[in-house]
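Chains A and B are the protein sequences, given in the same order.
The numbering used here runs 8 ahead of the 1-based position in the first sequence.
The numbering used here runs 229 ahead of the 1-based position in the second sequence.
Derived by calculation from the structure, the hints in this document are not laboratory data.
Even for Gly, the Cβ is constructed at its ideal location relative to N, Cα and C.
There may be inaccurate statements among the hints.
[Stated by the list, open to error] In silico DMTMM-like pairs for lysine to aspartate or glutamate, Cα to Cα no more than 25 Å straight-line:
| id | chain 1 | residue 1 | chain 2 | residue 2 |
| --- | --- | --- | --- | --- |
| 1 | B | 456 | A | 337 |
| 2 | B | 274 | B | 420 |
| 3 | B | 456 | A | 208 |
| 4 | B | 274 | B | 415 |
| 5 | A | 113 | A | 337 |
| 6 | B | 232 | A | 337 |
| 7 | A | 338 | A | 253 |
| 8 | B | 456 | B | 440 |
| 9 | A | 111 | A | 214 |
[Stated by the list, open to error] Here's a subset of chain A near chain B, in silico, CB distances under 7 Å, partners left out:
| id | residue |
| --- | --- |
| 10 | 55 |
| 11 | 112 |
| 12 | 114 |
| 13 | 121 |
| 14 | 122 |
| 15 | 163 |
| 16 | 214 |
| 17 | 312 |
| 18 | 319 |
| 19 | 320 |
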Amino acid sequence: MFCGAQQKGEEVIMLDMIIIDGLSFALPLFIMAVGGIYSEKSGITNLALEGFQGFGAFTGAVVVVWLTGITGSTSQIPYYAGFFFAMIGGGIFALIHALLCIKFKADQVISGVVMNILAMAMTSFMTKSINSAFFGNSANKFMLGASSRITIPYISEIPYIGAVFRDIYPFEIIAVIVAVVMWYVLYRTVYGMRLRACGDNPHSADAAGINVNAVRTVAVFISGCLSGIAGMSFAYSISANFSPDIYLGYGYLSIAALIFGNWNILPALGACLIFGFARSGGSAIINELGLPSSYNDLVRILPYLLTLLLLVFFSKHNRSPRALGQVYDKGRR
Amino acid sequence: MRKFLLSCLAIIISLLFGALILWLMGKDPIAAYTNLLQGSGLMHKARYAGRQSMFTDFMSFIDAMTPMIFASLSVAIALKGGFFNIGVSGQMMAAGFVAHMLSLAVPSKILVIVAGIIAGAVLGALMGWLKYKFNVNEVVTSIMFNSIIMYLVTFYINTFYINPVSRQSKSIIDTARLTLSGYRWENLKVDIALAFPLAVAVALLLQWFLERTTYGYEIKAVGLSPKAAQYAGMNVNRISLLTMTISGALGGLAGVAYFCGYLASIQPGTTPSMGFDAIAVSLLGGNNPAGCVLASFLITIISKGSIYMSSRQHIEPEIASLITAFILTFAACSAVLSRKGKK
Chain A
9 MFCGAQQKGE EVIMLDMIII DGLSFALPLF IMAVGGIYSE KSGITNLALE
59 GFQGFGAFTG AVVVVWLTGI TGSTSQIPYY AGFFFAMIGG GIFALIHALL
109 CIKFKADQVI SGVVMNILAM AMTSFMTKSI NSAFFGNSAN KFMLGASSRI
159 TIPYISEIPY IGAVFRDIYP FEIIAVIVAV VMWYVLYRTV YGMRLRACGD
209 NPHSADAAGI NVNAVRTVAV FISGCLSGIA GMSFAYSISA NFSPDIYLGY
259 GYLSIAALIF GNWNILPALG ACLIFGFARS GGSAIINELG LPSSYNDLVR
309 ILPYLLTLLL LVFFSKHNRS PRALGQVYDK GRR
Chain B
230 MRKFLLSCLA IIISLLFGAL ILWLMGKDPI AAYTNLLQGS GLMHKARYAG
280 RQSMFTDFMS FIDAMTPMIF ASLSVAIALK GGFFNIGVSG QMMAAGFVAH
330 MLSLAVPSKI LVIVAGIIAG AVLGALMGWL KYKFNVNEVV TSIMFNSIIM
380 YLVTFYINTF YINPVSRQSK SIIDTARLTL SGYRWENLKV DIALAFPLAV
430 AVALLLQWFL ERTTYGYEIK AVGLSPKAAQ YAGMNVNRIS LLTMTISGAL
480 GGLAGVAYFC GYLASIQPGT TPSMGFDAIA VSLLGGNNPA GCVLASFLIT
530 IISKGSIYMS SRQHIEPEIA SLITAFILTF AACSAVLSRK GKK
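Just need the whole structure built from these sequences, with the hints factored in.
Take a look at the structure:
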């Protein structure tokens, strides 16, 4: 797996592993946080990222399993089609959240949590049903097969930081490209400006001729799409299958990252990287010390604990979008 | 009254949704729903195994319902006070774990209950404190706590307290367990939930507390509008802390009723889904203690009866959580309709 590992020292290999594993965890988290920023900047509190990523991963996994049956396991088509449909699936599921929050004026926090529970119940039921209906077993997971990995020649040979370009999952590249586009759209286009206006002062936005509800619906849809990509990435990188185990609270980690990043894209990336490296670094230390695998459970606490600490220290000075979580009521002043 | 009707509507729509799914899968919805009632001991099954009857089924139904009442009350009082306690799962697990540990030293039912209350209350208070002191969203902290507690407990159980056969934690000793399991009564083997009377009493007490005491009034006032409450001279921080402490204590009670009563051991690696189902129950019960008891009854029929239903109809038991999730979704919509009606 690690080319030329023999020539290098032990610490270097460990450092490489921390970088490689950390990035493959941080980037999906980041793309999901970007989606959350879109939704929250438009004024819709989004605790439903967890459910969106799970549902997206489910639709993506169904497509992958179905296409692999047609094209054979060597083709790369199912992989990318899987990501595309994960995006669509996450987006469509997100529209339920938009419907509840915008049309039915439900409490956005409650709606978000409800979405997570609904996603979990629907996907675990449908996974089992589809498996027993089409494949004759009642497994609760879809096997996806391992993702291919890319190593960029020459750059990856640079000592230490070269590991950033080694053994990259293709979804990491997708995530980076999408994030750059999303950054541009949010801060440099008319739509992005309108979206931010809807989250800060929807009445002014309305007066300026913007359809607040439409902008918000699109924002929630985008957050669903991005979460879908993230969910599919987790399905590939962590377990190489889709199962209800995908609901591990990563959606909430990315919410913490966006709060920590003060609802801005670049600082959120910083938080995601911290989570990623805390996770991979912890595992590497457990490996290094030769402790039994049950000690891994202690390491898994790290990202959550960090989130908690970061929130405690940074929440006080945060400025959330002013109209965040409020139902937009045209008649109210 | 309007709220009650809307809750009923949410249930009916969800059951119809569920029936539609069952029908699409080629099952008979009426038979399936009858199985739910039979599995809960509310209707006669065609036949029973030895030492079992409709009565024993009903008693184990009560046993399953007891922690649900506590858990839903925990969510309900938090919502009344303006908090969304999604950390009930973590509070349950922590309380169950602490009670298990203490019962190793002093096996006593009273101690198990007290330990559960204290463990839950401390966690709840911590969340309330983080909210008002550092302005951290309690939903996110609760989720973080859920994960942290789950991994800590899992680590401890897997390392020191595992039953190698069942892959669960060791079982709590019978003298400390809150359920009399397999109690011989005439020729039947009955599970008696000793905490059930306590659950009903706590619900009544909470109803009285919210409707008839100053503290209850203040909790509701802060929940409706913290600013108005502060303007009226209430100490919002102190009341928030009180709300979350009570909520946490109830979550802890749910935990001991679940892990040291209904079940005798703790399953490592997962948080109990009851903490999330309790949100559905509480919303359905209109965040009202009496309503919570009624709604617990209903949701437990679905969760408990689904085991029998899935074995009779050859359908995935996950259908139960699916129907619960539907109820939750419609209840979230109808909570708004009821607000609209008042304006």
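Evaluation of the provided hints:
Note on residue 456/B and residue 337/A: the hinted pairing holds, with a Cα-Cα distance of about 21 Å set against a maximum of 25 Å. Our distance criterion of 25 Å between C-alpha atoms is met by residue 274/B and residue 420/B, whose separation comes to about 18 Å. Distance hint between residue 456/B and residue 208/A is fulfilled; the C-alpha atoms sit about 21 Å from each other, no more than 25 Å. A distance of roughly 20 Å separates the Cα atoms of residue 274/B and residue 415/B; the hinted pair therefore holds under the 25 Å criterion.
For the suggested pair residue 113/A and residue 337/A, the alpha carbons sit about 9 Å apart, so the restraint of at most 25 Å is met. Only pairs whose Cα atoms come within 25 Å are accepted, and residue 232/B paired with residue 337/A is accepted, the gap being roughly 23 Å. For the hint linking residue 338/A to residue 253/A, the alpha-carbon distance of about 42 Å lies beyond 25 Å, and the restraint is violated. The suggested pairing of residue 456/B with residue 440/B holds, with an alpha-carbon distance near 21 Å, which does not exceed 25 Å.
Straight-line distance between C-alpha atoms of residue 111/A and residue 214/A comes to about 17 Å, which keeps the hinted pair within the 25 Å bound. About 6 Å separates the beta-carbon of residue 55/A from the nearest beta-carbon of chain B, less than 7 Å, and the hint is met. Using the Cβ-Cβ criterion of 7 Å, the hint placing residue 112/A at the interface with chain B is satisfied: the shortest such distance is roughly 5 Å. For residue 114/A, the interface hint holds, the least distance from its beta-carbon to any beta-carbon of chain B being 5 Å, beneath 7 Å.
A least Cβ separation of about 6 Å between residue 121/A and chain B falls short of the 7 Å threshold, and the interface hint therefore holds. At its closest, the beta carbon of residue 122/A sits 5 Å from a beta carbon of chain B; the interface hint therefore holds under the 7 Å criterion. A cut of 7 Å between beta carbons decides the hint on residue 163/A: the least distance to chain B is about 36 Å, and the hint is violated. Annotation: interface hint on residue 214/A violated; nearest CB of chain B at approximately 21 Å, more than 7 Å.
Because the closest C-beta pair between residue 312/A and chain B is about 5 Å apart, less than 7 Å, the hint holds. The interface hint given for residue 319/A holds, since its Cβ lies 5 Å from the closest Cβ of chain B, which is under the 7 Å cut-off. At its closest, the beta carbon of residue 320/A sits 5 Å from a beta carbon of chain B; the interface hint therefore holds under the 7 Å criterion.
Of the numbered hints stated above, those contradicted by the structure are hints 7, 15, 16, listed in ascending order.
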